[in-house]
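Each chain, letter by letter, is given below.
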Amino acid sequence: NAGVMQNPRHLVRRRGQEARLRCSPMKGHSHVYWYRQLPEEGLKFMVYLQKENIIDESGMPKERFSAEFPKEGPSILRIQQVVRGDSAAYFCASSPTGDISGNTIYFGEGSWLTVV
Amino acid sequence: AQKITQTQPGMFVQEKEAVTLDCTYDTSDPSYGLFWYKQPSSGEMIFLIYQGSYDQQNATEGRYSLNFQKARKSANLVISASQLGDSAMYFCAISASGTYKYIFGTGTRLKVLA
Chain A
1450 NAGVMQNPRH LVRRRGQEAR LRCSPMKGHS HVYWYRQLPE EGLKFMVYLQ
1500 KENIIDESGM PKERFSAEFP KEGPSILRIQ QVVRGDSAAY FCASSPTGDI
1550 SGNTIYFGEG SWLTVV
Chain B
142 AQKITQTQPG MFVQEKEAVT LDCTYDTSDP SYGLFWYKQP SSGEMIFLIY
192 QGSYDQQNAT EGRYSLNFQK ARKSANLVIS ASQLGDSAMY FCAISASGTY
242 KYIFGTGTRL KVLA
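As they're listed, the protein sequences go chains A and B.
Position 14 of the first sequence, counting from 1, maps to 1463 under the working numbering, and the rest follow consecutively.
Position 67 of the second sequence, counting from 1, maps to 208 under the working numbering, and the rest follow consecutively.
Calculated from the structure, these hints are not laboratory results.
Predicted, not measured: the structure shown is a model, and the values here were computed from it.
Incorrect hints may appear among the rest.
Unchecked claim - Below, a list of computed lysine-lysine pairs in the BS3-like style, where the Cα atoms sit at most 30 angstroms apart: (1) A:Lys1520 x A:Lys1500; (2) B:Lys252 x A:Lys1493; (3) B:Lys144 x B:Lys214; (4) A:Lys1511 x B:Lys252; (5) A:Lys1493 x A:Lys1520; (6) B:Lys252 x B:Lys211; (7) A:Lys1493 x B:Lys144; (8) A:Lys1493 x B:Lys211; (9) A:Lys1493 x B:Lys214; (10) B:Lys211 x B:Lys144.
To be verified - Which chain A residues face chain B? A few, computed with CB under 7 angstroms, are given here: (11) Leu1487; (12) Gly1491; (13) Phe1514; (14) Pro1545; (15) Asp1548; (16) Thr1553; (17) Phe1556; (18) Glu1558; (19) Gly1559.
Just so it is clear, CB atoms sit at the ideal spot from N, CA and C, and this is done for glycine as well.
Hey, can you work out the whole structure from these sequences and the hints?
Next up, the structure:
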């Protein structure tokens, strides 16, 4: 049973380009979360999605960032017109339900974005 | 609102000794979960241990145990018999019951010395 799959693991983009990060949740999981880890910091919640729905995007920057989780295919975190401050590790996680207080979520290995 | 505080940015421990990583939390929710994750230099987040707020006993998983003191709002991680492979960042996190967000602390970098 494959875990949460993220790709690419490492991505380098020039300022102004677009970055697309993909996440395939664990089999049977329909809840996906994206977290961002800035250098030397803990993970910060960005967005929570279920299939075809954004449930909570309160942690997403208002501009340039978007996320989707289509009916078919992986969840995508898209960053348009990247800036140096977007350089971070982006973690995807999934869970079988939306109540994770008594249940762990399963993290992917992360995608490291470097903006040059 | 919930908050996690990890006051030790870095810790050293001698191989085979035990080490305690501190974590205090703040929440107004009566029911919540506490988690510890390990992040090695390769970057992935590895789940270590979970403690529910209503659990009567402290959680244990192999060499990891969670020293849960509810009245003091602390959830310290104890690693027994440290190994070189334990060198990593360690993050404490909290999630309130019925929610879907983890709130993470800033982490503690542990270095195990041979």
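These are the hints, each one checked on the structure:
With a C-alpha separation of about 6 angstroms, the suggested pair A:Lys1520 and A:Lys1500 falls inside the 30 angstroms cut-off, and the hint holds. Distance check on the hinted pair: B:Lys252 and A:Lys1493 sit about 24 angstroms apart at the alpha-carbon level, within 30 angstroms; holds. The suggested pairing of B:Lys144 with B:Lys214 holds, with an alpha-carbon distance near 11 angstroms, which does not exceed 30 angstroms. Proposed proximity of A:Lys1511 and B:Lys252 is contradicted: the alpha carbons are some 38 angstroms apart, above 30 angstroms.
Simply put, A:Lys1493 and A:Lys1520 have alpha-carbon atoms about 26 angstroms apart, close enough for the 30 angstroms limit, and the pair holds. With a CA separation close to 28 angstroms, the supplied pair B:Lys252 and B:Lys211 stays within the 30 angstroms bound. Restraint check for A:Lys1493 and B:Lys144: satisfied, since their Cα atoms lie roughly 12 angstroms apart, inside the 30 angstroms limit. The suggested pairing of A:Lys1493 with B:Lys211 holds, with an alpha-carbon distance near 24 angstroms, which does not exceed 30 angstroms.
As the CA atoms of A:Lys1493 and B:Lys214 are separated by approximately 21 angstroms, the hinted pair is consistent with the 30 angstroms bound. Between B:Lys211 and B:Lys144, the direct Cα distance comes to roughly 15 angstroms. Compliance with the 30 angstroms bound is thereby established for this hinted pair. Interface hint status for A:Leu1487: violated, as the beta-carbon distance to the closest one in chain B is roughly 11 angstroms, over 7 angstroms. For the restraint placing A:Gly1491 at the interface with chain B, the shortest Cβ-Cβ distance is roughly 4 angstroms, inside the 7 angstroms limit, so the hint holds.
Evaluation of the A:Phe1514 hint against chain B yields a violated restraint, the C-beta minimum of about 17 angstroms exceeding 7 angstroms. For A:Pro1545, the suggested interface contact is broken, since its CB lies about 12 angstroms from the closest CB of chain B, more than 7 angstroms. At its closest, the beta carbon of A:Asp1548 sits 5 angstroms from a beta carbon of chain B; the interface hint therefore holds under the 7 angstroms criterion. Contact between A:Thr1553 and chain B, as hinted, is supported at the beta carbon level, the nearest pair being about 5 angstroms apart and thus within 7 angstroms.
At about 4 angstroms, the closest approach between the beta carbon of A:Phe1556 and any beta carbon in chain B falls short of 7 angstroms, and the interface hint on this residue holds. Among the interface hints, the one on A:Glu1558 holds; its C-beta lies about 4 angstroms from the nearest C-beta in chain B, closer than the 7 angstroms criterion. Annotation: interface hint on A:Gly1559 holds; nearest CB of chain B at approximately 5 angstroms, less than 7 angstroms.
In summary, the structure is inconsistent with hints 4, 11, 13 and 14 from the numbered list given earlier, while agreeing with the others.
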